[in-house]
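*Asks:* Chains as they are written, first to last, in the numbering used here: chain H, 658 to 1056; chain L, 658 to 1056.
Keep in mind the hints are simulated off the structure, nothing from the lab. The structure presented is a predicted model; accordingly, all values stated were derived computationally and were not measured. Quick reminder that beta carbons are idealized off the backbone N, C-alpha and C, glycines included. Some hints here could point you the wrong way.
Straight-line C-alpha distance at most 27 Å; calculated DSS-like pairs for lysine-lysine [to be verified]: (1) Lys-869(L) <-> Lys-722(H); (2) Lys-869(H) <-> Lys-824(L); (3) Lys-807(L) <-> Lys-727(L); (4) Lys-867(H) <-> Lys-722(L); (5) Lys-807(L) <-> Lys-679(H); (6) Lys-1026(L) <-> Lys-679(H); (7) Lys-867(L) <-> Lys-879(H); (8) Lys-867(H) <-> Lys-679(H); (9) Lys-1024(L) <-> Lys-867(H); (10) Lys-824(L) <-> Lys-800(L); (11) Lys-780(L) <-> Lys-1003(L); (12) Lys-679(L) <-> Lys-727(L); (13) Lys-1026(L) <-> Lys-807(L).
Some but not every residue of chain L turned toward chain H, in silico, with C-beta under 8 Å [unchecked claim]: (14) Gly-686; (15) Glu-706; (16) Phe-769; (17) Ala-838; (18) His-853; (19) Lys-869; (20) Ile-870; (21) Asn-873; (22) Ser-874; (23) Val-905; (24) Leu-922; (25) Gly-946; (26) Ile-947; (27) Pro-970; (28) Asn-1030.
Chain by chain, the residues run as shown.
2 protein chains.
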Amino acid sequence: MRIETQRESERLGAVQIHGLQKVYELDSGEHYGYDDSYNNSVIQRISSEALYEKQKQMAIVVPVKNERLKLIEGVLVGIPSPCQIIVVSNSPRGPVDRFEMEKDAIENFCRFTNKRVTVVHQKDVGIAKAIELAGYTELLDDKGLVRSGKAEGMIMGTLLAKWLGKKYLGFVDSDNYFPGAVHEYVQEYAAGFVMHDTDNTFVRISWHSKPKIMENSLFFAKWGRSSVHSNNALNRLLAHYTGYETEVVKTGNAGEHALTVDLALNIEYAAGYAVETHHFINLLEMYSGILDETEPTAFRDKITICQIESRNPHLHESKGDDHVEDMIDASLSVIYNSPLCPELLKRELASEKARRLKVEETESFDKVKVYGNLNTLNIGVFLENCEKALGNAKVELSV
Amino acid sequence: MRIETQRESERLGAVQIHGLQKVYELDSGEHYGYDDSYNNSVIQRISSEALYEKQKQMAIVVPVKNERLKLIEGVLVGIPSPCQIIVVSNSPRGPVDRFEMEKDAIENFCRFTNKRVTVVHQKDVGIAKAIELAGYTELLDDKGLVRSGKAEGMIMGTLLAKWLGKKYLGFVDSDNYFPGAVHEYVQEYAAGFVMHDTDNTFVRISWHSKPKIMENSLFFAKWGRSSVHSNNALNRLLAHYTGYETEVVKTGNAGEHALTVDLALNIEYAAGYAVETHHFINLLEMYSGILDETEPTAFRDKITICQIESRNPHLHESKGDDHVEDMIDASLSVIYNSPLCPELLKRELASEKARRLKVEETESFDKVKVYGNLNTLNIGVFLENCEKALGNAKVELSV
């Protein structure tokens, strides 16, 4: 991979946010590590070996719900071989046991192709028990099982990545039509970790474009309808504290993202559409030094947010209406309701919301559910009980 | 890359046509060469190093005509770094010199990213002169320049690949929206040459699917409207000689294909839409041993045709009507007019054509222009004069 060298960045306390980096070559060949002779001041080359090195320590979490098996298979085809795959499915178990079908198909495909995969159901009793014993009961519903929802599946995937001993964790959607795009995302996750080889690196992908069907032809939209709003609000929030207007944030809603497992286990996950934007906000809350309640340990390490612009358009299955307004609302809500959010920005967000909804009065934002920082979960207890529940399902194929 | 082991194949004389091979993993990681422990009887693993090894000896020819620079750049992004790129452009040189714009943009992009590229215009005087001196005047128009047309650009690219000292040659269209799909094609070319490490290997890609916009949503069509006809006719032709019905040919119209430069310099190119189908027919004419006029040297080597099904859908720029009927007509014409074509198949093709056109009488097929076998060109003379004309344009960047 050949990728633009990071140039501009914004820094608040321990949080460093790098500007969007463009990719210039998907595959720049072999030869280990950096070799300065291939790099100039603008573009750096990352060899395939360096990417594989990171991928060997990486789990890719694929949340699934009622996806067509053909689409899931394509996603698996695109994930590079060195990665450990974790499929967290919340597909129905009755009247037809769709999960069992998925599990069979996925495990068979992976055995066949020597890929490492762990397939679990989001309502797995053993994992829920392990989470309960570890004291993180807020993730559980009244039946004592993990709540439904993609964010909840992501939390489960995060915990399983830790159980599987991985250092890095990436998320990939199961409805991508282009295996080559999935491949690119995972290569870019690895590239981010090569460029920022720390325990607290967050890699977020901004899609090159998203093809939409308009009047019977394709239009390659650059900006998602909801990401415009969250990026803009996050940038205004940063500007408030730095005193300089900025456009540095381009991935406020990045569904395609990866982070070190250490960081993932020390961050809050919001429910629903807010999860990605809240990650951003939560890092600023914890590590920017702005809030009084920042923990004293928080400044020990630098937190690096790396944003990469993918080259493939993002073409995923369209399931009808995208609930754009709900997405905008959820992601702005976590900004609005953060103690970081200055009064002026609150008023602006509220009056912009009123304009979007075409109502007279300014509108507030309902709080979205936010799960407590995963560091409140007793990871030792979780791992011990997870091992009891899933130990025999641990698939470690030879690479 | 992990790919299905070839199982079925048809053999006619020296020509071996392998059945379509499915890809199971785009990126199966590193470690040189084959390692049997990773292979089972059904799927084989090809390491990244083995693919790069082939790509170092590969030229990728990208024919361009008035393509948007953004699209061309995306295609360049997708071509793996070890490959030599040859852009043959037939864009207009006036009133605005579009070629000069392309050349500037492409060369700048490649210098920036350390990619090796040679950009030539199809009407380049020096190359035309070299072709003329080498005695292959049929490629030239009345001004003594290379004729217009994609096939003619492909011939020019073939000769330049030889001049650049490459062993393998692949073709990639310049209007592909997905750099990841381009990357996959080139990886598959290399995989074909790894699996069939001979001087006479032909790799042809069958698209996984081609997304079409239907009633404002995407439909992933499996079979191209024109490839159905050419595959069917080629299979019936094979069946006539083997006595067994077959479906082995899936890539009669494969625009995405690669072959050894040795083979490319010993084959006929048809003009227009017929070029891909004619390659198939011409190999059978020369090496199947069916025709009397087969040259005695023809049986020395085995000719291997390897067909690979890509995993990414093929989404390219739609330039309005595809002239499907012309494409069908051209590709069937080279089958119909081949001395190999039995009378029965001719009658069937003619009456099917009448049905398609909804006319009463059976219809014949006009002969398409076919350029003579490139072995009639004096390659030594060509190379010498090409060097004189382009020597200082030979870009050999460090890798």
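*Asks:* Taking the hints in turn, state whether each one holds.
*Replies:* Here is what the structure says about each hint:
1. Lys-869(L) <-> Lys-722(H): Holds, at roughly 26 Å.
2. Lys-869(H) <-> Lys-824(L): violated (41 Å)
3. Lys-807(L) <-> Lys-727(L): holds (20 Å)
4. Lys-867(H) <-> Lys-722(L): It holds: about 26 Å lies between the C-alpha atoms, which stays within 27 Å.
5. Lys-807(L) <-> Lys-679(H): violated (32 Å)
6. Lys-1026(L) <-> Lys-679(H): Violated. Lys-1026(L) to Lys-679(H) sits at ~45 Å, over the 27 Å cutoff.
7. Lys-867(L) <-> Lys-879(H): The given pair, whose Cα atoms are some 23 Å apart, holds under the 27 Å limit.
8. Lys-867(H) <-> Lys-679(H): Given that 27 Å is the threshold and the Cα spacing comes to 16 Å, the pair holds.
9. Lys-1024(L) <-> Lys-867(H): Since the Cα atoms of Lys-1024(L) and Lys-867(H) sit roughly 44 Å apart, the hinted pair is violated (cutoff 27 Å).
10. Lys-824(L) <-> Lys-800(L): The hint is violated at about 32 Å.
11. Lys-780(L) <-> Lys-1003(L): Distance of about 38 Å is beyond 27 Å: violated.
12. Lys-679(L) <-> Lys-727(L): violated (31 Å)
13. Lys-1026(L) <-> Lys-807(L): holds (13 Å)
14. Gly-686: Because about 4 Å separates Gly-686(L) from the closest Cβ in chain H, which is inside the 8 Å limit, the hint holds.
15. Glu-706: With Cβ-Cβ at 6 Å, under 8 Å, it holds.
16. Phe-769: Holds: closest Cβ of chain H sits about 6 Å from Phe-769(L), inside 8 Å.
17. Ala-838: holds (5 Å)
18. His-853: violated (22 Å)
19. Lys-869: violated (10 Å)
20. Ile-870: Interface hint status for Ile-870(L): holds (5 Å vs cutoff 8 Å).
21. Asn-873: holds (5 Å)
22. Ser-874: Because about 7 Å separates Ser-874(L) from the closest Cβ in chain H, which is inside the 8 Å limit, the hint holds.
23. Val-905: violated (24 Å)
24. Leu-922: It is violated, given that the least Cβ distance between Leu-922(L) and chain H is near 27 Å, above 8 Å.
25. Gly-946: violated (39 Å)
26. Ile-947: Violated - the Cβ of Ile-947(L) stays beyond 8 Å from chain H, reaching only about 39 Å at its closest.
27. Pro-970: holds (6 Å)
28. Asn-1030: Since chain H brings no Cβ nearer than about 35 Å to Asn-1030(L), farther than 8 Å, the hint is violated.
Of the hints listed earlier, those the structure fails to meet are numbers 2, 5, 6, 9, 10, 11, 12, 18, 19, 23, 24, 25, 26 and 28, in rising order.
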